[in-house]
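Chemist: Spelled out from the first residue to the last, the chains are:
Protein chains: 2
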Amino acid sequence: MSRIVLRNVRPWGGDASDIHVDNGSIVAVERASATTVAQAPDVRGEVVDGRGLLAIPSFVNAHAHLDKSWWGKPWVSYAGESGTQGRIAHERAHRGELGIPDLESTVALVRELVRTGTTAFRSHVDVDLGVGLDGIQVVREAVAAVDPGLALTVVAFPQDGVLRRPGVLDLLDRAAAEGADLVGGLDPASIDRDPVGQLDALFDLAERRGVGLDIHLHDSGELGAFQFELIVERTKATGMSGRVTIAHGFALGDVPPARQRDLVERLADAGVSLTTVAPITASPLPLDMLRNAGVPVGLGTDGIRDLWGPFGDGDMLRLAGTLARLSGWRYDEDLRSAVEIATCAGAGFVGRTAHDLAPGAPADMVLLDAENLQDAVTRAPSRDTVIVGGRVVVGPGAR
Amino acid sequence: MSRIVLRNVRPWGGDASDIHVDNGSIVAVERASATTVAQAPDVRGEVVDGRGLLAIPSFVNAHAHLDKSWWGKPWVSYAGESGTQGRIAHERAHRGELGIPDLESTVALVRELVRTGTTAFRSHVDVDLGVGLDGIQVVREAVAAVDPGLALTVVAFPQDGVLRRPGVLDLLDRAAAEGADLVGGLDPASIDRDPVGQLDALFDLAERRGVGLDIHLHDSGELGAFQFELIVERTKATGMSGRVTIAHGFALGDVPPARQRDLVERLADAGVSLTTVAPITASPLPLDMLRNAGVPVGLGTDGIRDLWGPFGDGDMLRLAGTLARLSGWRYDEDLRSAVEIATCAGAGFVGRTAHDLAPGAPADMVLLDAENLQDAVTRAPSRDTVIVGGRVVVGPGAR
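Protein chains in written order, with this note's numbering: chain A, 1122 to 1520; chain B, 1122 to 1520.
Honestly, the hints are just simulated from the structure, not real lab data. You can take every hint at face value.
Capping the alpha-carbon separation at 25 Å, the derived lysine to aspartate or glutamate pairs in DMTMM-like fashion look like this:
1) B:1194 - A:1136
2) B:1194 - A:1454
3) A:1194 - B:1454
4) B:1194 - A:1453
5) A:1194 - B:1453
6) A:1194 - B:1136
7) A:1194 - B:1455
8) A:1194 - B:1490
9) B:1194 - A:1492
10) A:1194 - B:1492
11) A:1194 - B:1496
12) A:1357 - A:1390
13) B:1194 - A:1505
14) B:1194 - A:1455
Label pairs and their calculated CB-CB ranges:
15) A:1474 - B:1409: 45 to 53 Å
16) A:1413 - B:1404: 21 to 29 Å
17) A:1198 - B:1490: 14 to 22 Å
18) A:1413 - B:1331: 55 to 63 Å
19) A:1328 - B:1204: 44 to 52 Å
20) B:1207 - A:1206: 40 to 48 Å
Owing to the predicted nature of the structure, the values given are computational and were not obtained by experimental measurement. In this text, a Cβ means the ideal position worked out from N, Cα and C, and glycines have one as well.
Chain A on its own, in the form it takes in the complex (with noise of 0.2 Å):
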């Protein structure tokens, strides 16, 4: 049966409406009828209850890592060394103990992720000498088995450098041939030690494949921002405004405010968009400022439970709500906006053109009592139903 109405539910926190969807898409919003189910006539096929929770699109996880994790395994006790490359060296020593890239994992982390109202996932997937191209099949399989309605855009992503691993730059390749949707990049000068060389052969490669690029850009300060210029620069070369993404960008965060003013109009100039991951120990990124400009940000949750550390549930209401307060954000818009960063906002970053709860988006759906967007995003109550295509998946009616 693909015709579904969702009865009484707020959108947005609005006023109590019936979504109706068609073979997995919203194809109407309408004030909710007063007449009872039974009475309604012109509703034919399955009716879900709503019961006048809000309602929101469901969470776009526009930077995860769903390789990589542990999570449903035996508590593993973090034993690597600080910074970027300790953690790098930490999880190439020991992933193979742990069977990682792992299936079953893989399968947990993502039925966890889901259960908690995120059902579109870009993922970065580790491409290296060790694991080949294994990672990305892994997280194709994990994530189809937890519901082939989840949207999955995988980004191959060289972990453990690329000019300084020759022969990692032919995987990405390979990658990008078989379908991956983005070719990743990390730290070209801190990690490769050679930014331009690193840059040149990423958008050489993905001019060439037609794919897109999101690139890992931990590094700080002018080092940092020097990358966002070649970026920038390279992005505008080749034409692929809206097809490239730093990841991260801590430098945007901690440069003075002029430059990063400056940063913030070379990317909106570029069309490049950014990811965070509401880091708590690195300096907020100016949200305020890359909103005004019109630069496409989108939250993910980074790894969870993985070798690099602990820490992470995946909840991604939660993690708006963090952001929030890195941002200062206290006034009911702003905190509106931060939902919106962590719902319809990321469709991009999934290769959506629409993510929303309106006519012609997916029916991705959250149900969760709370009084408004405000509230929700502050208190981040449990979810109470998750709707993928119109399919309930998690909550009464589950099947």
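Use these hints to put chain B onto chain A, whose structure you have.
Modeler: Same frame as chain A, but now just chain B:
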């Protein structure tokens, strides 16, 4: 029936044990017997089945503001100005409209805090020319109404300043005379504009009345550090070692490491403790340094849903995880210490000599479904059972 046995729990994540309670206190912790409840001849009194869950002492909220929340009321949009002074002014102007301090909201808030496992509170309560001492009465009534076994330590808190508001010092004196456990202070420099004047007045009052001091210090950098020194000097001069707390103490997070060491040594020498609310927008306190020096550190929630801002849900376990993340803690030992800071290390802040899973301590405990302390603090699973003085107040069998 005053004898209770909590069977088959894992104290601190250790082996399955039985915890014996008599008259509200723990009297024995023994390896779990293999015998069933019916067979055990030595067990008289009530038996609570712990089902193999992880057991920890309940949480101690060492820095709460129980009087000023609008928890449970319809959403209150934030409309204040920025900065400490702006928030104080906003609160003064609008608390009356909300009926704050409000018994009903305070009861709702305390109930929510108990639900997530907190059973002991050090609460600052506003004392000023507007509300007088009414807030103290409201908080005492509310806590007693939720459960008479909850522990409450009251700080009479001059949120609107001391010297700059003639009459407030007399109110604080009256509060101390009428049973407040401690008297508070607030940014002697930036708010009262007279650090020596405010501190001399507070220490004089505390000495005369035989109460402790708990002083909010938001001032950063050297201005804050100077006030650390003034507080330390007066603590030593008055012999008040062990009875003075600095709350927030942001300055200790943002001065250079050598100055941090200097201040930490002074705190340790004078017996001055600290409380933190794990703020994600301030430089983190040097917790390792404080721990090594033996300076007591308590963890608290700060205000929750009040006219200072809409954030906070009072979950102390989640807050302990935030504290760990802010401190860059990843190793097991550090993660466990974060749970200790939120529980047993809080004893002194609520006038207890012990708050532990050990004979002699009050039988205040939390049971939760977690593999170990590290799993608990990184994932913050919902609390299964909350126990006050041996009685189940939240969870299966709660009365």
